Each structure stands twice: as C-alpha cells, then as structure tokens.
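Trainee: Protein sequence lines, in the order shown, are assigned to chains A and B.
In terms of numbering that gives the first Met the number 0, the first sequence is numbered consecutively and its last residue is 432.
In terms of numbering that gives the first Met the number 0, the second sequence is numbered consecutively and its last residue is 469.
One thing to keep in mind: the hints can contain errors.
[Claimed, not checked] Simulated pairs of lysine to aspartate or glutamate, DMTMM-like, Cα-Cα distance not exceeding 25 Å:
(1) Lys371(B) / Asp234(A)
(2) Lys371(B) / Glu162(A)
(3) Lys140(A) / Glu440(B)
(4) Lys349(B) / Glu162(A)
Simulated from the structure, these hints should not be mistaken for lab results.
As the structure is a prediction and not an experimental result, all values here were calculated from the model.
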Amino acid sequence: MATEVLMPALSPTMTEGKITRWLKKEGDKVASGDVLAEIETDKATMEFESAEDGILGRILVPQGTKGIAVGVPIALIVQKGEAVPATLPKDPAYVTSKPSPAIEDKNVLYFSGASSSSGAVVSHGSRIIASPLARRIAKEKGIDLATLKGSGPHGRILRRDVEALAISSKVQPAVNTTLSCEHASTQQTNQAALLQENLGGGSYKVVPHTTMRKVIARRLTESKSTIPHFYVSVDVELDALLALRTQLNSLSNVEGAGAFKLSVNDMLIKASAIALKQVPEVNATYTEEAMVLYDNVDISVAVSLDDGLITPIIRQAELKSLKTISLEAKELISRARAGKLKPEEFQGGTFSISNMGMYGVKNFSAVVNPPQSAILAVSAAQQRAVVVHGELKVATVMTVTLSVDHRAVDGATAAKWLAAFKAAVQSPMTLVL
Amino acid sequence: MNQTEFDIVVLGGGPGGYVAALRAAQLGLSVALVEAKHLGGICLNWGCVPTKALLRAAEINHLLHDVQEYGFNVGDIRFDIQKIVARSRAVSKQLSMGVSHLLKKAKVSVFEGVGKLNGKEAGNKWKVLVSQEGKNSLTLTTQHVILATGARARSLPGLEPDGVLVWSYKEALIPEKLPQKLLIIGSGAIGTEFASFYRAMGSDVTMLEAAPRILPAEDEEISAIAQKEFEKQGIRILTGVKLGALKKAKDSVTLQVDVAGKSENITTDIVISAVGIVGNVENIGLEGTKIRVNRNHVLIDAHCRTDEAGVYAIGDLAGPPWLAHKASHEAVLCVEAIAGKEVHPLNVTKIPGCTYCKPQIASVGYTEARAKEVGYDIRVGKFPLLANGKAVVMGETTGLVKVIFDRQTGELLGAHMIGADVTEMIQGYVIARTGELTEAELIETIFPHPTISESMHEAVLAAYGGALHF
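Same shape as in the complex, but just chain A (with noise of 0.2 Å):
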C-alpha cells in the first residue's frame, strides 16, 4: 500500500521548509534511515531521512520548492510490485505516515510557553491565497508568496500586494499614467512616490527572504516588542585571562590528537558558566504562569554567516573543561558556517554570548534571545588606563554589557551576575578549578 510522505517537522519552531534537493529519484529503492532529500528549515539545512521502506513511487513537489508546509505530503513510498497511484487516494484506509515528530529537546517543554508564536504546531496544508496573476509575478520576480500579506478579501495576495514589494520600473508608471480619474491618479502617483520614498529612492534590486532571515526577523521582534529589556555594562581586565591562555595553549600538542587552541571567547563560555552557577536566577525562563529556573548551563554562542546568524549550543557549559569547550566550540562553529547543525545543536540554550571583540568594537547591547533571560554582548580587548589604588597603570580591558529580560531578572541581580562574571574573569584560575 502506498505511503505518503510529508514534509517533516525538523525542528520545534519549523513551520515550513524548503526542499533543497532530492537525494533519491522516482523509482529508486529506499531503505528506513535512507536520506530522501535536503531539506532547509528555519535555521539550517537537514537530511531527512525515510521512516519506510519501498521504492519512491513519486515525488510529488519538485526540489527548489520553497515555504512547504509542514504536513504536506511530498512523495509517495509504494511496496515492490505496486502501481503508484496518479493522484493522492482519498481512500479512508490509505496509509498516511505521521510527520517526523518535532526532535524533542529536554527544554522544549519549557518552552512552549515563552515561544508560543514560534511553535511547534503542525500545520496542515496551510494554503496560499493568492489571486493567479499575483501568483506568477511573484514566480517570475522570485518572490515568495508566503513573506507577503494579502490585501485582497480575506487576505487574498493580489498583484498589488507582490508589486508593493517588487516595484517594476515597466508596470508601475503604467498605472499613473492611466487612469484618467484625477483623484485616482494623484492617489497612485503618491503611493508610487512613498515607496519609492519608503526605498530609498534610485535604482536597487530586490532580494527575497531567506527561511532564516524571516526567522531572524521574526524572533527579534518578538523579543523587542514582548520582552522590556535593561541593560548593564561593567568593565573587565582580561591581563590575567589572556596570561592564562597563553599559559595553557603552551601545553597543547602543535598538531594531532588532543591539540587545542583557547580563545578568549572559550574562557568567556566558562566564566559565564560559573556566573551562571552562582547566580541561578539570570540562567531562567520567565512565563505567564512561573519563574523555569534550569539546573544545566546551556550557552548559546552566536556565530554569523554570510546571510543570517545562528547560536550553536555549549550544553552544561559548567560541568566542562575550557578545553571540551574550545573544541567543541569550533566544531560547532565549522559546521554552523556549513549550514549542517542538528536541531538540537541549535535550539534550548538557556543564556547567549554575542562577541564583536574580533571587529573591535567599543560596546554594545544584544537582544534577549527568547525564551532566555539574558544574553551577554563581548566587546574588543583594548589597553587602558587605569586607576589602581590611586596610581595610573596600564591594563587590557573589556567592556560587556548583559540585556536582560527585567520581568526575570532585576537590576540587582543582573549587577550580582555581573560581579560574579568579572570576578571568574579576573580571577581565571577559578576557570580550571
């Protein structure tokens, strides 16, 4: 009998993905745990593998396909033998495959509440309305229906709603210089002339949204305009760190097995780790109903890519050497530039590190990674003056300033956070204790 496959549920907050290949053809044979196809998610690109064994009767939407619902069936699996049906059977008794479940995190309990509008619902053929001509300007300008809001009846996307994003040079004026009616006319002249206004004026191109950059979007928003952020900064001598480092890399085999090279970063993994430790009130979730406090360090270190930014996962960054940490950092950074992090590699920390030291930058202030509390923002290493018991010397210092999520945490605690961090840092022996 013959199986549908449908598009899984990679991660907990997918909703839709793209699929970027497939990795088996029409006809050929497919084992359980065979990878069907590349699919790229929220975050990042996935293998999916089969759940059934059989032949790939038909693949029923074409690689490339973007903003596929999760739910939708996208191949059939028949058994050996039997003919694969032209169209979906709507028989009763037709075997439908349950979506891949969501990969559960240990956390993603808890977060259900904080992340409720970035969900884990399935959700079913959640169709595109969209008018047949708005369809194909869309297709034609590789706009993806699913980034527009229709303002046609009951949200239908019309050609003005896809002509609002991708003004064409040709169509547009077309319009002005048409209509006849006066009042008409100024109107659409105007709504031309504040897009154009609204754009910036001049030529440009008009690139679509990456999966992760409506993710990127979408999350940060909902940061901001749901969670009252503070801030607090402190400065932070890092003589101390960085004698540390060189002292401790000098110990590291040149090449092979066992060779490790900590970066500063590293070291601020495992101060913040400890910090968080002993002061467990910053490493927690606020919802409606109750403080989640969590009983593991989870440090999400955020790593840029060329299109987007992603946080891979230190998991009980307080139980691990700073060597574990420094080798699994750059393992999960390496495989987060190629796109090839797991789910789980990526989603449920509980505290974030965001560190523009490397750019030189003086201070900054991150956004609250939700459903976290708290995310910790590294500026540059530079030589300072200062003042030590009223006499002018020179140190390398740091400033970071911790955002916070005020409804979790006050400022005292986040100031307490803060000396706890520092203290780690300045005293880096209580790093390899």
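Mind docking chain B on chain A? Use the hints.
Mentor: Frame of chain A; chain B shown alone:
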C-alpha cells in the same frame, strides 16, 4: 418632531446617493437622504433606464421588420411614439418607487428638497440646510455629509438646448412626435444610443463628432465596426467636425460645420446636444469651504474625501467615468470607509462601460492603443460573431470580441466587444480582471454551448495559439 441629527446626510438620491444611504443603514448608521425631485436620479429617471426602455422599442421594431426571415408574415407595422414614451416613463416611475420603498424599508429618512452645506455648529458637526421651493425648511446636523448631486448635460455656447429645436437628453427622451430629420452632436454613449433609437424608428439621422472617430473612448477597431454598421443602417456620420454657427428658423435649424476643410450647412428639424456633462457643483454650499472644484467636478481622494473633513463626494459630481455603477461603487466604498472598514481605491481600469446602441458595445480596461502607449508588450485575440453558432441562430452575426493580454504576465488588460447582448456578457471579463485571472484560467474555463459567450472564450484562445472555430 422629526429627527434632524444623523451620522450621515446624503445630498442627492441617484445611484450614488441612494446606494450610500442604503449601505449606511445596513451598517447601522443613522442616515438622511435629501433629494429635490426624483429618487433614482438621472440614471433612473432621465438616463440609463428610460433610454433602455426606448431602445427596447427600437429592438422590437427592428425584429418586426425582419420577421419574414424567420418565417412570419405580418401586415402593417405601426407604432405610436407617445405610447412608447409613456412606457418608458412608466418603467422609470416603477423603478423610482422601488428605490423609495427600499429606502423606507432601510429606515432612511428621506427629505424632499435641495440640500446645502451650511457651515459647522459647535461640536464640529456639519449643518445641512434643506430648502423647498426656495424656502428654508429645516437644518439637519451630521458628522458626515456625502455629496452626490450628480451632473447635467454640458452645453456648448450657441448650442444651448432650448427644449424646442435644440434638445438635451431630457427632451430627447420624451418626444411628442418623431422628428423627420435629426442632427445629433456628439457620438459618445448618449449620442449613439439616441442615434440608434431614432434611426430605428425612422428618423433621418446625422451624427457629428469632433474627434476623428465615433465612440472615441472605445477601442479603434470597435469604433470602426460601429461606424460601418451605423452607416449601413442609414445614419450619416461626420467625424473631425468643427462646429460653426447655428441658425434657427420657425420649424427647422441650420448648423454650419467644417469637415476636412470643407464647409457645409446642415438643415434639420431637431438638434440633440450630447456633448458630455458637467457636475452639479453649484448651490450646494461649497463656497467658503476648503473643498476644491476643478472643471466642474469636486476633487476627492481615494476614499472619496474632499478637502473638508467630514465631507465626501461620489459619482458624477466627483468626476469621470460618468457611470451609474461607478457612483454606486464609490457610494459603498465611501460609506464603508466612514464606518471604519478597510476599503480599496477605485481602479478605473476595472469599470466596465456599456453602450446600448445597435449593435451593442461593451468594454473594460485598456484599449489596444492605450496598452501599447503605456508600454505593455501585448497579445491580442479576436473572434468575429459571424463564426459563433448562437449568433447565427439568433440572426445577430454582426460583431467582434477582442481581448488584450500582457504578454509577460498573462494579465487580461482589456476586453472590447461589439454585437448582440455584449452588455450582458462583459461582466465575465470584468470578473477576470477583478479576480486577477490570467489567460490560463480563461482558457481552462468551460463556456456553455451554444451561447454567444463562447466567442469570449474563442477570443482568448485566439490570443494564445488559435481559436478553434475560426
């Protein structure tokens, strides 16, 4: 004491005004309508409706004269123009009463009289002065005033209608006797409809047009077919005409015209002036307000708002196209915007136009020339009614369906039809334009057989690789 305070007061009871009042009532707003003469306005009383009643008589006359072709023998065919006019008036009256009934049912307060903006009272409400026969009768107060006072015939200097020898549409609708010789100035919808009627009834009709072709708003090809047909029916058509002096005698009129550099004197019994319309912007209290008037029309924005907050204008008063259904659409749009609903600006390229001359003409969107001018790369499809089965059955083979598509997107840019029943069929293409269908959906649509509407399908096919039956 009657209610004098309303959410909305509408001035004018035509297809703009009364529809605005009905929609406002539907949305639960309290609404008053001020109308001086006839509910239903020009459309119902002196325009769309009574002309169609006259043209129905012309159609019957035409059929009676063709009955032999269908196997009938009839004797002497005679008509009584006064009875034809009487039927036309009765139709108008019936429909006007229908409007009155609808307004009553909707609990719209109807005030008979002339309404006029009369400044604001404390609390920022507008005052509307209603007067009857020059006497002020009462003042209404309201948050919103919708001006829907319509338009009247434009008159050219020296050619002002006198109601005896020079007629406007009004006199042309109620002739006491059929003029033997008739000169019609203007070949738009009004001019051609009167030309069709009077010619069908037996008048000797000459039609003048200043533009190089008749029906200048229509697609050129449609104009050409119409001209050929009118001439076949015996209507004399002069285009590119420059009007000269008009001399009135006791029972006749002589108009001097220049055509292609040659002067000619045309002597006729009656002249009908059909040279467009002007908005009724006078005596409605616009003086001293911020409301701007341009070439006899009130300037509005996309939501029918004038420059004065709380005052709106719709329909003919607010500018072209001067069509009843445009007025009604603006009425709904305007009232819904007042009620806080989301509305979209009127798009004139989605408003159909219909002319009920014989053969009928209907169109929507861009003409071929206009589409090219605007810069579209187009595909054009045409289908003659001669090749349509039902048209042959009906003996109505004169006509053409023409469609214009954007080559790039497949958007139906325009549709132009001439022939029997095309005014009833154009809505198919209007739906396609409004619903943003492309050629693909139109090609896939199954049209019923046998109908004249199949020619609409065939014209689309013709634009994309070939009609099946031509």
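Trainee: Taking the numbered hints from earlier one at a time, note which ones the structure violates and give those numbers from smallest to largest.
Mentor: 1
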